[in-house]
Amino acid sequence: MLLRIKNLRTHYRISDGIVKAVDGVSLYIKEDEVFGLAGESGCGKSTLIRTIMRLIPQTAIVSADEMSFRGQDLLSFSDKEYRDQILWGEISLVPQSAMNSLNPVYRVGNQIVEALQAHTDITKSEAMDRTERLFKGVGLQPQLTRNYPHEFSGGMRQRAMIAMSLALDPSLIIMDEPTTGLDVLVQERILRELKEIRKKKKTPTSIFLITHDISVIAEMSDRIGIMYAGRIMEQADALELFNEPYHPYTLGLKNAFPSIRALDRELISIPGSPPNLLEDIPGCLFAFRCPFVIPECREARPPDLEVKPDHFVACIRTDHVEAFRKLAGDKKTWQSSKSTT
Amino acid sequence: MKLETIKEFFLSQYRIIISNRFGIFGGVIILFFCLVGLFAPLIAPHQPWDMLRDAAGKLAILQAPSLQFPMGTTAMGRDIFSQMVFATRTTVIIGLVSGMISILIGANMGLLSGYYGGKLDEILMRFTDIIYGMPFLPFLIVLIALFGRSLWFVIIAICCIVWRTSARVIRAQTLAIKQRQFILAARARGCSNFRIIYGHIMPNIMPLLLLYTAFNIAWSVLAEAGASFLGFGDPNNLSWGGMLYNLWISGKIRTAWWWFAPPAICIVLLVSALVFVSRAYEEAANPRLRQR
Amino acid sequence: MAILEVNDLKQYFYINPGLLAKLLGGKQPSVIKAVDGMTFSLEAGEIIGLAGESGCGKSTACLAIAKLRELTGGIVHYKGKDIAQMTKSEVKDYRRQVQIIFQDPYESLNPRFTAFDIVAEPLRALNIGDRLEVSERVLKTLELVGLKPVEYKDRYPHQMSGGERQRVGIASALVLEPELVIADEPLSMLDVSIRAGILDLIRDLSDRMNFTCIYVSHDLSILSNISERLMIMYLGQLMEMGSTRDVITDPLHPYAQALISAVPIPDPAYKRPIPNIKGEISQPIDPPPGCRFQTRCLKMMDICCSDDPLMKEVKPGHFVACHLY
Numbered sequence: 208m209l210l211r212i213k214n215l216r217t218h219y220r221i222s223d224g225i226v227k228a229v230d231g232v233s234l235y236i237k238e239d240e241v242f243g244l245a246g247e248s249g250c251g252k253s254t255l256i257r258t259i260m261r262l263i264p265q266t267a268i269v270s271a272d273e274m275s276f277r278g279q280d281l282l283s284f285s286d287k288e289y290r291d292q293i294l295w296g297e298i299s300l301v302p303q304s305a306m307n308s309l310n311p312v313y314r315v316g317n318q319i320v321e322a323l324q325a326h327t328d329i330t331k332s333e334a335m336d337r338t339e340r341l342f343k344g345v346g347l348q349p350q351l352t353r354n355y356p357h358e359f360s361g362g363m364r365q366r367a368m369i370a371m372s373l374a375l376d377p378s379l380i381i382m383d384e385p386t387t388g389l390d391v392l393v394q395e396r397i398l399r400e401l402k403e404i405r406k407k408k409k410t411p412t413s414i415f416l417i418t419h420d421i422s423v424i425a426e427m428s429d430r431i432g433i434m435y436a437g438r439i440m441e442q443a444d445a446l447e448l449f450n451e452p453y454h455p456y457t458l459g460l461k462n463a464f465p466s467i468r469a470l471d472r473e474l475i476s477i478p479g480s481p482p483n484l485l486e487d488i489p490g491c492l493f494a495f496r497c498p499f500v501i502p503e504c505r506e507a508r509p510p511d512l513e514v515k516p517d518h519f520v521a522c523i524r525t526d527h528v529e530a531f532r533k534l535a536g537d538k539k540t541w542q543s544s545k546s547t548t
Numbered sequence: 143m144k145l146e147t148i149k150e151f152f153l154s155q156y157r158i159i160i161s162n163r164f165g166i167f168g169g170v171i172i173l174f175f176c177l178v179g180l181f182a183p184l185i186a187p188h189q190p191w192d193m194l195r196d197a198a199g200k201l202a203i204l205q206a207p208s209l210q211f212p213m214g215t216t217a218m219g220r221d222i223f224s225q226m227v228f229a230t231r232t233t234v235i236i237g238l239v240s241g242m243i244s245i246l247i248g249a250n251m252g253l254l255s256g257y258y259g260g261k262l263d264e265i266l267m268r269f270t271d272i273i274y275g276m277p278f279l280p281f282l283i284v285l286i287a288l289f290g291r292s293l294w295f296v297i298i299a300i301c302c303i304v305w306r307t308s309a310r311v312i313r314a315q316t317l318a319i320k321q322r323q324f325i326l327a328a329r330a331r332g333c334s335n336f337r338i339i340y341g342h343i344m345p346n347i348m349p350l351l352l353l354y355t356a357f358n359i360a361w362s363v364l365a366e367a368g369a370s371f372l373g374f375g376d377p378n379n380l381s382w383g384g385m386l387y388n389l390w391i392s393g394k395i396r397t398a399w400w401w402f403a404p405p406a407i408c409i410v411l412l413v414s415a416l417v418f419v420s421r422a423y424e425e426a427a428n429p430r431l432r433q434r
Numbered sequence: 005m006a007i008l009e010v011n012d013l014k015q016y017f018y019i020n021p022g023l024l025a026k027l028l029g030g031k032q033p034s035v036i037k038a039v040d041g042m043t044f045s046l047e048a049g050e051i052i053g054l055a056g057e058s059g060c061g062k063s064t065a066c067l068a069i070a071k072l073r074e075l076t077g078g079i080v081h082y083k084g085k086d087i088a089q090m091t092k093s094e095v096k097d098y099r100r101q102v103q104i105i106f107q108d109p110y111e112s113l114n115p116r117f118t119a120f121d122i123v124a125e126p127l128r129a130l131n132i133g134d135r136l137e138v139s140e141r142v143l144k145t146l147e148l149v150g151l152k153p154v155e156y157k158d159r160y161p162h163q164m165s166g167g168e169r170q171r172v173g174i175a176s177a178l179v180l181e182p183e184l185v186i187a188d189e190p191l192s193m194l195d196v197s198i199r200a201g202i203l204d205l206i207r208d209l210s211d212r213m214n215f216t217c218i219y220v221s222h223d224l225s226i227l228s229n230i231s232e233r234l235m236i237m238y239l240g241q242l243m244e245m246g247s248t249r250d251v252i253t254d255p256l257h258p259y260a261q262a263l264i265s266a267v268p269i270p271d272p273a274y275k276r277p278i279p280n281i282k283g284e285i286s287q288p289i290d291p292p293p294g295c296r297f298q299t300r301c302l303k304m305m306d307i308c309c310s311d312d313p314l315m316k317e318v319k320p321g322h323f324v325a326c327h328l329y
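Chains as they are written, first to last, in our numbering: chain A, 208 to 548; chain B, 143 to 434; chain C, 5 to 329.
All the given hints hold, so there is nothing to weed out.
Negatives, chain A to chain C, calculated, CB over 12 Å:
(1) R211
(2) I263
(3) T330
(4) I488
(5) P489
Listed below are the simulated BS3-like cross-link pairs for lysine-lysine, each with C-alpha atoms no more than 30 Å apart in a straight line:
(6) K157/C with K320/B
(7) K149/B with K157/C
(8) K343/A with K406/A
(9) K237/A with K343/A
(10) K461/A with K533/A
(11) K275/C with K408/A
No lab work stands behind these hints, which were simulated from the structure alone.
All residues carry an ideal CB built from backbone N, CA and C; glycine is no exception.
With the rest of the complex left out, here is chain A:
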C-alpha cells in the first residue's frame, strides 16, 4: 500500500467560524496505479492535496486516524523531515495551472536543475543531463531546457511541469487538474504520454489524478474516488464505478456529462449547489440535493459501507440501488428539488 488515508480532517479557522474543507476522507492508493479523484470546485480536493503536501497554513487543524506512506506515519514527520524525505523525493505535485508556476525570469531547465540540486548530491552537469532526459521523456526536445517559460506554449509548459515532478523519481505524483485549460488535442497527447512514461519507467510510479472532468478520469484511472463537500462519496475500481454506481451523486454525475458517443442522451443536471462548509450540517451533505433522500439521511453522517470488495459508498440507502439507477436516468427524478444552480 503506497498511500493510506483514514478519516482525514482539515479544518480552517476563519473569523466567521470553522470551515470543514476536508471532513473525514478515507482513501488508499496502491503501488503502480492511477487513482482518479473526481470532484467539482469547492469539494475540498485542493485542501486535500495541500494537506498531503503540507502546504496548508499553520492555522489549519489537521487530524486523521491514519495517514501513512508505505507504512510510515506521515503526521509524525517534522516539517523539515517532510521536506527532505517525502516532498519531491517520494511524493511530488503538478499543481493546478502549472503553466503559471514557472518562474518567468529563469530558463526552464535551470528551474529543474535547481530542484534536483536542492534534494540530491549530484553535480550541475549531471543534473542538466537528467533534465534533458526528463524532457525527452515527456516529449519535449532537450534543447528546450535553455528556453524561457514564455517561449513555451501552454501544453509544453505543462509537460515541463510533469518533467519536474518526475525529476526525483517519486513513487507518487499528485496531479491537480493537469489538463484543464488545454485544448483537446494537447490534452490527449499529454495524457497518452503520461501512460507511456509510466509503462517505460523501471520503477513504478502511482498517480493521484484530481480533476472535475469525468471523461479524463474514466480514461486514465485504475480506481476512482468521487469527492463531494469534503468527503469521498464513492470509491471503486474504474470499470465497476461506471458500470455499477451506487451513490446518488455518482448517479447524477453520470448523466450530467455529454459524450460524443451518446448523441441522443438527455443531459440531466443536479439542482442546487454544494453546501457552505462553514455551517454545521447534520447528516449527509448531499441530502438536500438528493432525489432519494429520507429523514434518516439527515440524522447522521453515513458511514463508508463496503458494498462490494474494494467498493466503498457513503450512503445508507444502498439496498435500493437497482431502483435508483433506473430512476436517475429520468429527468423528472432530479427536478423534484426547487433550488436553482
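Add chains B and C to chain A, keeping to what the hints say.
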C-alpha cells in the same frame, strides 16, 4: 439620478469614512471646520477688520491672549479669534470649491483619455505633462498675477493646476477597466460611448475618484495657503495663509506666537484631516478588503 | 430563408515591426490572419455549433458578426442587409436583434450593477420602453432564466454563484428578444454538474423564443448535445461543415478526424483511437499558401502547399475543404 441612489451614495460614503479610526478623526475635524465656516458671523465676536480698543481705551496692539481677546490681537489691533473664524470660511470655501472643480476636470480628462485613446489621448496627456512640468507655486502665482487677486480668480488659478495628478491616475484605471469583458458586453447590448464611460466605467472607479477628491481638496488648501502667505491671496477675503502674510509683513513673526500658532496649526490640521479621510477611502478602494 | 449569410469573412490584424527592424531588415508588417475566408449561412431557428481549438479564430469571427469589430474583408448579410453598410439607426436595430452570451460569468457582469440593472441596461441603452415596461420585461426575463425575481433582482454579482451569474448574463442578452444569439463558450467556466442545466436552458429558450443560435465551443461533447449542425474551424478557416451527427460519426477532414478521436469518453471500457496528427498548433501569423492544416496533416500532398482547398459538398449536406476530396 434617482433620489434614492443619491441618498444611498451619501450613506455609503458615511459608512466608509467611519469604518476607520483615521476616517472618524479626519471626518470630525473637517465637519468642525465646515460648521465654523458656515456659522462664522454668529461665532465671531467682531469683524476681522475691526480695530479694537482695550479696557483702557488704547488700541489693542499685539496683545497676548486674554479674556477679552481669547487669541490675542494683531499688529493693527484686530481680534485674531474673529479673524480665524472668518478665515476658516474663506479657506474651506476655496479648498472645497477648487477641490471639486479640479477633480471634475481631472476625472473627465482621465476618463475620456483612457477610453478613447488614440489622438485624443495623446493630446490630452501631452497637455497634462506640460502642466505637470510646471512648478506648483510659481505657476500659481503667475496665474493669480494674470487673473487677479479676487476670490474667484484664486480658485480658478488653483483649479488650473491641481487636476493634473488625478487625470493620470484615473486614466490608468480607466484603461484597466476598459479591457474587462463587461465593457464589451455593454457595447454589445447597445450602450453608447457616453453611457459606457459615465454609466459603466465611472461607478467602478468611484473609490479612486473619491480618494482623489479628498487629495485635491487638501492640495487646494495648501495651494491657497502658500499663495496667500506669499501675498497673492484675496485682500478682501482673509484666509489662514493671508493671516500669516499679515504677520510676516508686520515683522513680528518671531515674537507674536499667538498670531502664528492658530493659522499654522489649522492648516496642518485640515490638510491632515483630509489625508486621513482619504486613507479611509484607500482601504475601501483596496479590492482585498472588499467583500467577495 | 437564410437569416445570416457570411461570405468570405476576413479578420486580419497587422503587427508593425519596430522602427529598427524596418530600417535594417526591411521587414514588412506581419499579418495575423485570425479569420481568413469564412463562408456559411444560417437558417432561422437552427442551432449551429462552431468548434475549434483556442486560437482558431472562432471568438474573433463572432465579434465581427456581432459588429463589435470592423470586418477586414468579406460581407455579412443579416436578413439580406449588408451589416457594414448600416446607418446609425440600423445599427441600433441590429444590436437589438443580434446578441452575445459571453464566456466568463465572473467578468462579463458589471460588479457595480445589481442583477436588475444588468438585465435592464440593454433596454435602457437602446431607449426601449418606459420605466414600467422595462421593469416588467426585466422581471419576466429573470423568471425565464430560472432566477426568482424577488430573490435576485437586487443582488450584486459577488453575491451570486457562477451558474447564477451566467443566468443573469443570458437574461441580459435575451431581454431584447433577439433573433440571433451568439453563445461564446457559455459553459466553460461553470461547474460540470450545473452545465447541463444551463445548456438545457439555452436549448429550451431557443425553442420558446425562436431564436437562431451560433454556439461556439472547443468542447465537442457539449456541441454534440446541443447543436443541429456543426462547423469545424482551424486557424481561421472552416474545415468541415454538416449535420452534427454526420460530422461526429463520419468526419471527413483529417483535422476533424483527429479532433474527434481525441475527445475523451466517460467510459473506462472504451478504447479511443489515437488521433492521426502531428506537430503543435501554430499561430495564424503570415500563414503559408495552401491549406492551413498542411503542417500537421499526415495525408498531405503537394497540392496542399500551394492551393487553398475549396469547400465542397461531398455528401448531401456534408461539406469539406480538403484536397483529398
